[in-house]
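Engineer: Spelled out from the first residue to the last, the chains are:
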Amino acid sequence: MNEQNPSVGTYILVFMALLVLAALTTGIAYVDLGPFNTVIALAIAVLKMTLIGLFFMHLWYTRGLTRIVVLAGFFWLALMISFTLADVFTRPWINTPGP
Amino acid sequence: MATPIRSTSMSESAASPLAVPPRESVHSASPALHHQFEDIEQQRDAGNFGMWVFLATEMLFFGGVFTGYIIYRSLYYSGFAAGSHGLEIDLGAAMMFVLLASSFTMAMAVHAAREGKHRPLIGFLTATIILGVAFLGMKFTEYFHKWQEHMVPGLNFHPALENLRGAPERTVELFMCFYFFMTGLHALHMIIGIGLLTVMAILAWRRKLSSENYNRVEVSGLYWHFVDIIWIYLFPLLYLIGGRYK
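Same order as they appear, the protein sequences are chains A and B. Take the first sequence: its letter number 68 is residue 68 in our numbering, and every next letter is one higher. Take the second sequence: its letter number 158 is residue 158 in our numbering, and every next letter is one higher.
Worth flagging that the hints you see were computed from the coordinates, not collected in a lab. Careful: at least some of the hints might be erroneous.
[Claimed, not checked] Here are a few chain B residues that face chain A, going by a calculated C-beta distance under 7 Å:
1) Phe-49
2) Trp-52
3) Leu-60
4) Gly-63
5) Val-65
6) Ala-94
7) Met-96
8) Phe-181
9) Gly-184
10) His-225
11) Pro-236
Each residue gets a CB set at the ideal place from its N, CA and C atoms; glycine is no exception.
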């Protein structure tokens with residue numbers, strides 16, 4: 001249970017990676033990639049979130065229970081979004097009024 | 001908070017027939033340990049666990065707005081793209097860099113707290129607070145620009161035609177509603193976070209934090225990183241709709 005803790009070097013490395021990713025996400029907005037602009041921007045956001053979660057928020061070093069809480073949060077978030085979208089986007093199929 | 005409650009509760013329970021003999025633990029002497037916990041490690045785990053449960057509820061709290069955003073963006077894409085192109089991307093990107101830097105200084109503050117180093121702890125907390133205030137300053141600068149462009153729904157919404165960029169006015173208004181609500185909710189969390197960190201800095205200044213009871217700094221840090229992560233999503237979702245290449 002007693003974790004080893006990240007070193008200052010790890011923090012600096014993660015911070016540098018975050019800066020590069022932030023610059024990348026801004027730069028890519030000026031390149032025409034069609035629908036992939038949004039996909040790539042969100043993929044970079046997920047990557048940045050993962051880096052912050054694992055290292056700045058110590059999920060990499062923590063025990064199982066905390067990780068389960070995080071996964072539970074994502075699970076309910078996915079339920080909320082997917083069920084709501086499943087409702088809204090299928091309404092035209094049976095001619096139900098939209099939002 | 002740091003009173004040795006443990007010793008009195010132990011002597012009381014010793015009188016009971018069901019008394020458990022006092023545990024001889026290296027930690028039981030620590031004044032930072034609250035009586036309901038076995039040791040410092042368990043107390044810290046409980047604190048972190050509680051904060052993570054709260055953050056899970058915060059995910060759903062923000063998630064509701066994100067869900068609405070997805071639906072209306074797909075329904076009124078042109079209005080959302082027009083509103084997004086009216087936002088200042090350099091300001092949004094600068095806010096992103098400032099927040100990432102504040103997350104780094106926050107992580108360093110927790111690191112310093114764990115090692116019981118007072119001066120670096122106060123320094124990194126102050127740096128984090130300053131970066132947070134800088135973020136809010138830029139945020140409110142942008143709000144002010146939106147006010148000048150008459151792009152504030154409900155209060156001051158009669159934008160010039162070029163700010164609509166050919167999209168129906170009501171859909172741009174809807175985007176601005178999402179913009180103000182999402183960034184406003186985020187800014188509220190920043191203000192709360194700055195308040196928390198100010199309390200931590202004062203506690204550190206008064207030498208109320210040690211390498212044993214730095215958990216308050218740790219959970220404040222978790223909260224701060226969470227608010228940073230929200231901006232990581234808000235930036236592409238609000239500022240980068242449809243790209244900037246046109």
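Engineer: All hints are to be evaluated individually against the structure, with a verdict given for each.
Structural biologist: Each hint, compared with the structure:
1. Phe-49: holds (6 Å)
2. Trp-52: holds (5 Å)
3. Leu-60: holds (6 Å)
4. Gly-63: holds (5 Å)
5. Val-65: This interface hint is violated because 11 Å lies over the 7 Å limit.
6. Ala-94: violated (10 Å)
7. Met-96: holds (5 Å)
8. Phe-181: Result: violated, 16 Å to nearest chain A Cβ.
9. Gly-184: Violated. Min distance 20 Å.
10. His-225: Result: holds, 5 Å to nearest chain A Cβ.
11. Pro-236: Since the shortest Cβ distance to chain A is 4 Å, the answer is holds.
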